[in-house]
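Protein chains in written order, with the numbering used here: chain H, 1 to 231; chain Z, 1001 to 1268.
These are computed hints drawn from the structure, not numbers from a lab.
Note that the structure is a prediction, hence the values are computed from the model and not measured.
Wrong hints could be hidden among the right ones.
[Stated by the list, open to error] Covered stretches of chain Z, going by a simulated chain H footprint (3 or more residues, C-beta under 8 angstroms):
hint, segment
1, 1024-1032
2, 1209-1221
[Said to hold, decoys possible] Just so you have them, the derived chain Z footprint on chain H, three or more residues with Cβ under 8 angstroms:
hint, segment
3, 147-155
4, 165-173
Glycine included, C-beta positions come from ideal geometry on N, C-alpha and C.
Residues per chain, in single letters:
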Amino acid sequence: MWSAHADAFFFPPLSSIFKAFNSVWLGPGLMNDAVPSLSRWAIAYAIATGLGVAVGVPLGLSPTARRVLGPVMEFIRATPPPAILPIAVILLGIGDTMKISIIVLVSIFPILISAADGVAEVHSTVRDVAKTYRIPFHAELFRILLPAASPRIFAGLRTSSTLALVMIVLSEMFGSTNGIGYRILVSLRSFSIPEMWSGVILIGLLGYGINLFFGWVERRSLSWHHSVRDE
Amino acid sequence: MTRVAPVNSARPNLRLSNIGLNVAGLAGAVLIWEFASRTNLLPSDYVPPPSFVAIEISHEILTQRWWLSTGRTLSNWLAAIVIGSAIAIPLGLVLGSSEYLYRAFRVPLEFLRAVPPVALIPVVVLVAGATPTAGIFLAVYGCIWPILVQTVYGVRAVDPMLRQVAVAYGIGRSGSLRHVIIPATTPYILTGLSISSALSLIAIIGSEIIVGIAGVGSEINVARFSGSTVTAYAYTIWTGVLGLVIALLVNSLKAYLLRWQPLKEAQL
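Can you build the whole structure from these sequences, using the hints too?
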C-alpha cells in the first residue's frame, strides 16, 4: 500500500525514510535531539510518579481533602494540556524547566487520581485489622495500602506515560531548540520530507516501546494479583 | 475523578457539607492565586490575579470573536467525534465478532494506536495545510482507538449464554446484532466515547496552538503574541470550561442511554 504512493513527494518510499532514519537518528540526531527528549521525559515522569503517589495516598485516606481539592483538580484536568503551553511559555520561557513542569503538570493527574482511588478503595475491615494489631503506619502504608492500590497505580502510570510522550513532542514543537518534536518541525519547514517521516516513525516506535515495557513491568510486578493471574 | 461515594451520602446535611467543602476548595485556590499575584509572590506580569482575568472574561465573552472561535473549536470537535465513532464502532463490532480478524489485525492496530496523533501534525499540515480538515483528521485519528478498543472488548465480553439464546430463538444475525450484541456493548462503547471526547478536544486545541488552525487555541496564541497576557489566561481558562462542559455532556448522555442498566455500571 505504501509503495503505491512511492512517487508522491509527501509520501516518499519507505526505503528513503529508512535511509533518513539511519542518517538522522542513528547519527547526530541521537545525541542532539533524541537523548534530550528522552531525558526530559524520564525526569518529568519520575517527578510525576513520585509526587503523584505522595499526594494521592493522603488524598485517598482523607475524604475531606478529596472534597476540598476535587473541584480544583477536576478543572485543571479538564483543561486540554496543549492549551496550557502558551501560558507555560509566558511564565517559564522555552527551556527545559518549562517542558519538564508542563509534563509533570499534565501527567501527574492519572497517577495521583489512581493512587487516591486505589487507597480509598481498600476495604475498611482491612484497615481496622491493621489498627487492631497496632501495625505502625509506615508498615501499613508499604505492606497494605500501596500493594492494594498498585494495580490502579499501574494503570495510571500507563496512561501518564503516553500523555508525557505527547506533551514532550508538543512542547518541543511549540518552542524549543532541540528534541525530536523540534527536529520533525525543522525537517518539515526545510521540506526534508523523508527526515520528517523518520521522526514520526521514531515517535511511533517510542510510543509502542513504552506501551510494551509497561505491559511487561505490570505483568511482572503484579503477578500475584488475580486480574493478571487469570489471563 | 471517580469519587468513592460515602456510605451515608443520602443524608442531605452531609451532602450540603460536601458541596460546602467543594466550594471552599475552589474559593481557597482562587484566593491563594489572587494573593500570590497581588503581592508579586508570583510575578504579576506573567500571572495576572484571577480578578483581572474574570473581568477580562466578562468583557471578552460579549465579543463576536470569542463565540466565533468557540464555535469553530466545538464544531471541529463534534465533526471529529461523529466521524471517529462512525468508523470505530462498526469496525469494532466486526473485529470483535470474528476471532480470526481480531488476531490478524491486533498487532498492526496496537502499533497505530501507540503513535500519538501529535506526531502526525507535520504530515497532516503538509497534505491539508492549516485548515479545519487537518485538525479534524488529527482528532479523528486520536479518538478512533479508545472507541475501537472498547467496542472490541465489549463484543468479546457478551455473555455466551445470551448469544446462544439468540440462536435458539432463531432471531437471525441482524436481529441478534440489534437486540443482543449492540445493547450489551453500549456501556463499553460509551466508556470509549468519554475517553475519546477528551482526547479529540486535546487534538483539536493542540493543532490550533501548534499549527494555527482558527479556534480557541489560536486565540490564546494571538493574545500571547500581542502581549495581552490577561487575554491569554482568559482563553486558557475558557478551554478548561469547555473541557468540563464536554465531560458533563458525555456523562449525561451515558446516564441517559444506560438508564436501563443496574446502577453500578451506569455510574462509571
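The hints, checked one at a time:
no. : hint      : verdict
1   : 1024-1032 : holds (count 5)
2   : 1209-1221 : holds (count 6)
3   : 147-155   : violated (count 0)
4   : 165-173   : holds (count 5)
In summary, the structure is inconsistent with hint 3 from the numbered list given earlier, while agreeing with all the others.
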